[in-house]
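**Q** Line order of the protein sequences matches chains A and B. Here the first sequence stands for residues 1 to 159, numbered as in my numbering. Here the second sequence stands for residues 160 to 778, numbered as in my numbering.
Just so you know, not all the hints are guaranteed correct.
[Claimed, not checked] Here are the computed distance ranges between Cβ atoms for each label pair: (1) B:295 with A:136: 29 to 35 Å; (2) A:7 with B:309: 47 to 53 Å; (3) B:165 with A:107: 20 to 26 Å.
[What the hints assert, rightly or not] Below, computed lysine to any residue pairings styled on SDA-like, alpha-carbon distance capped at 25 Å: (4) A:17 with B:469; (5) A:88 with B:743; (6) B:643 with A:148; (7) B:231 with A:148; (8) A:88 with B:711; (9) B:643 with A:58; (10) B:643 with A:61; (11) A:88 with B:759; (12) A:88 with B:722; (13) A:100 with B:738; (14) A:100 with B:769; (15) B:761 with A:102; (16) A:100 with B:650; (17) A:17 with B:458; (18) B:762 with A:114; (19) A:136 with B:386; (20) A:68 with B:722; (21) B:682 with A:116; (22) A:151 with B:762; (23) A:151 with B:180; (24) B:762 with A:99; (25) A:141 with B:682; (26) B:761 with A:91; (27) A:141 with B:180; (28) A:136 with B:762; (29) B:548 with A:138; (30) A:88 with B:181; (31) A:68 with B:629; (32) A:136 with B:643; (33) A:141 with B:739; (34) A:17 with B:722.
[Claimed, not checked] Stretches of chain A that chain B covers, calculated by requiring three or more beta carbons in the stretch to come under 8 Å of a beta carbon on chain B: (35) 11 to 22; (36) 70 to 80; (37) 119 to 125.
Hints in this document: simulated from the structure, not taken from any laboratory. Backbone N, C-alpha and C define an ideal beta-carbon position, used for all residues, glycine too.
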Amino acid sequence: MELATVEGIIRRHGAQKSALIAMLQDIQHEYTYLPEDVLRHLSRTLNVPLSRAYSLATFYRAFSLKPKGRHPISVCLGTACHVKGAVKILEKFERELGIKPGQTTPDLNFGLEQVRCLGCCGLAPVVTVGQDLYGKVTVPKVDQILKRYQKQEAAHAKT
Amino acid sequence: MPYRVHCMVCAGTGCVSNRSLDVRDALEKELRKRGLEHEVQIVTTGCNGFCAVGPLMVVQPDGIFYQQLTTKDVPQLVEEHFVKGRPVQRLMYTPPEAPAPIPKMSDIPFFKHQRLIALRNRGLVDPEKIEDYIARDGYQALVKALTQMTPDEIIEEITRAGLRGRGGAGFPTGVKWRKVREARGEPKYIICNGDEGDPGAFMDRSIFESDPHSVIEGMLIGARAIGARYGVVYIRNEYPLALERIQIAIQQAREYGLLGENILDSGLDFDISVTRGAGAFVCGEETALIASVEGRLGDPRARPPYPAESGLWGKPTCINNVETWANVPPIILNGWEWYSQIGTERSKGTKVFSLVGKVRNTGLVEVPMGITLRQLIYDIGGGIPGDKKFKAVQTGGPSGGCIPAGMMDQPIEYVAPDGKHEARDYLDLPIDYESLTEVGSMMGSGGLVVMDEDTCMVDVARFFLAFTQDESCGACAPCREGTKLMLDILTRITQGHGTMDDLRALEEIGWVVKQTSLCGLGKTAPNPVLTTLKYFRDEYIAHIEAHKCPAHVCRELNTYRIDPVICVERGHGCGVCRRECPEKAIFGEKNQPHRIDTTKCKKCGVCVDVCHFNAVIVE
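This is chain A alone, in the form it adopts within the complex (with noise of 0.2 Å):
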């Protein structure tokens, strides 16, 4: 595992301990997880029990201690979202990827979580793939949002 990245992160924030929670974020962005010989150097360096970063890492819901896919998927689960049947695109996701919420298919092409609310309500029922959302999705719309980016992982593989 190269650390350089790390390091990086930690002068960013001059090495605060205070800065800890935002150091995660930093090192959830770029790695997509929290890994664990990661921590390890950051606990080490900012000489905090690595206790404490694993404890910040298993309670925020940004945090994940697996690899997360190259497209995460969050379907939003929020009020509007719900009563306009989000369970059932979020179902659609599960079947057409094979996965469970919180889990990365094989291939790490995506990864599928559910979240509380992305504050696009009006546009209920929201998914976002990456940086994309995608509002008013409906079930049989769920095969053409996979077949985007599956289309792209094609794309990339030949090249």
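Fit chain B to the given chain A structure using the hints.
**A** The following block gives chain B in isolation, referenced to the frame of chain A:
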């Protein structure tokens, strides 16, 4: 040469997801092609609130409102409107049942009944340009506060205006400010709570995205009044665009000398940093939020001491919600008399609501306090789509409750702020802090989720309990264990295994959790269950005794079949249900009636959703 026309293209999260930026780029290209780029200016604004019909654009100065634009519409729009001067009717908004489109934004019912204070600049400024904010009297209130008012006068002004915390609890803002001012300890801190966790509410996001400087100016005025040196904007992790815009705004304010040392030569030193949340609902609670800013677990602690005495790093800290801060500059600029004329006796000013769920015009609205549910849902929201019956409205997120509308003609006792008892029906309930608490719900952050006859109230209660149970930090037993027990019971009921004793147990546990939990999360978590039990008990009983879900939402209690006549006559046996059925439980040939093998059916309900002809019957 000044521009003749301004195209305000909405770039809120909703419109952006509907490709409004592509529309903007196409417009730019087309205007250049027609040589109009020096006459027509394109401005990308924040959220206009009418997310249901995005992407949208307002052409100023006439206020012509265009909706559901696509890049394909752009050439015609430019040709007709900007070259020939004929606004394009086809792209305007037509309310359902209206004979003709409504050209002007200000005439559209969704906008007509609104009164904008916190959202005063929405759609009128480019949120990434401080000059736009300044042109709309931005930072004038700060100048007034710095040059013409003493800190005590500022606090007095806010107190007399009657501004109350918009985060939900409704604590008087002026009182809080005075406590922090009088508290001992230096430096003092100001926090803007933008950890908007209530599902169904997105006003904080919208304010950050459409007018971030209004929050910064509010915080600066607060800093002057309280004597604070540092400010923190705490923003939810799920709002990347809002984060970006507030960071840009803070940087611009620094460059203009509006943040930093000796601001406007007044001797005021104040700067703001941004902390990003990491996805924990409980961090909306002020003591948990402070713990999170300090880099710790977001565990709430017992109060007192309140943050006003011992907050961030143990120093006096003033925490207010985003919307509260955005209300401060107009109050200082226009005076408390102006502000206190708006609203009800005890709830002054306006409130921003997110109107979502089963309502036609979903979006964000700002209305005077005291408006009735009927005005909100029917006049502004345009009523319930698809001729469905309005059943209830949920306010206050997981801490709030469900207010029924099914009993429209049954008056309730409503204690008016002046103490008089009046009989009103629920739809005519004026919305303010007191009246919502009176009916067992609460204002909360302002999420209003409309529910129709297809919404199951037991399922809604279960949904919220699943949420609070999941988000409970586990620090105190009543919340940790109580929400778990209640969720188990509710799940049992939705699966048809409940008993009548369960209802009594729910109420008993609910009251214990309410009375004995440590923080606001637990103290309010039972509200959705208790209000639905109070107003929709018959639905619970139907689940328990008849093993039926009247709204056909609780799937374990449903049976599905396909009406052979509709399937063939209307749908010609199209087969979409057969293809979509995950269990391969549907059989049939093209042009033939399809049928469901109930031994294979897992009751997922996908067939109902995909059938274009409503041939799938749920019983």
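**Q** Hey, residue 100 (chain A) versus residue 650 (chain B), does the alpha-carbon distance stay inside 25 Å?
**A** This hinted pair holds, its Cα atoms lying about 20 Å apart.
**Q** Below or equal to 25 Å on CA atoms is what counts here, so check residue 100 (chain A) against residue 769 (chain B).
**A** Distance of about 23 Å is within 25 Å: holds.
**Q** Tell me if the straight-line CA distance from residue 643 (chain B) to residue 148 (chain A) falls inside 25 Å.
**A** Roughly 40 Å between the alpha carbons, so the hint for residue 643 (chain B) and residue 148 (chain A) is violated.
**Q** Given a hint of 47 to 53 Å, does the C-beta separation of residue 7 (chain A) and residue 309 (chain B) actually sit inside it?
**A** holds, 50 Å
**Q** Mind checking the alpha carbons of residue 682 (chain B) and residue 116 (chain A) for me, to see if they're no more than 25 Å apart?
**A** Holds, at roughly 20 Å.
**Q** With the threshold set at 25 Å, check whether the alpha-carbon distance from residue 231 (chain B) to residue 148 (chain A) stays at or below it.
**A** holds, 22 Å
**Q** Starting from residue 17 (chain A), check that the Cα of residue 458 (chain B) is at most 25 Å away, please.
**A** holds, 18 Å
**Q** Does residue 141 (chain A) pair with residue 739 (chain B) here, judged by a C-alpha cut-off of 25 Å?
**A** holds, 12 Å
**Q** Between the alpha carbons of residue 88 (chain A) and residue 743 (chain B), is the straight-line distance 25 Å or under?
**A** holds, 16 Å
**Q** Holds or violated: residue 762 (chain B) with residue 114 (chain A), Cα cutoff 25 Å?
**A** Given pair residue 762 (chain B), residue 114 (chain A) holds - Cα atoms ~21 Å apart, limit 25 Å.
**Q** Does the alpha-carbon distance linking residue 136 (chain A) and residue 762 (chain B) stay inside the 25 Å limit?
**A** holds, 23 Å
**Q** Does residue 722 (chain B) sit within 25 Å of residue 17 (chain A), going by the straight-line distance between their CA atoms?
**A** violated, 65 Å
Violated hints, listed in ascending order, are 3, 6, 19, 20, 22, 25, 30, 32, 34; each of the other numbered hints is respected by the structure.
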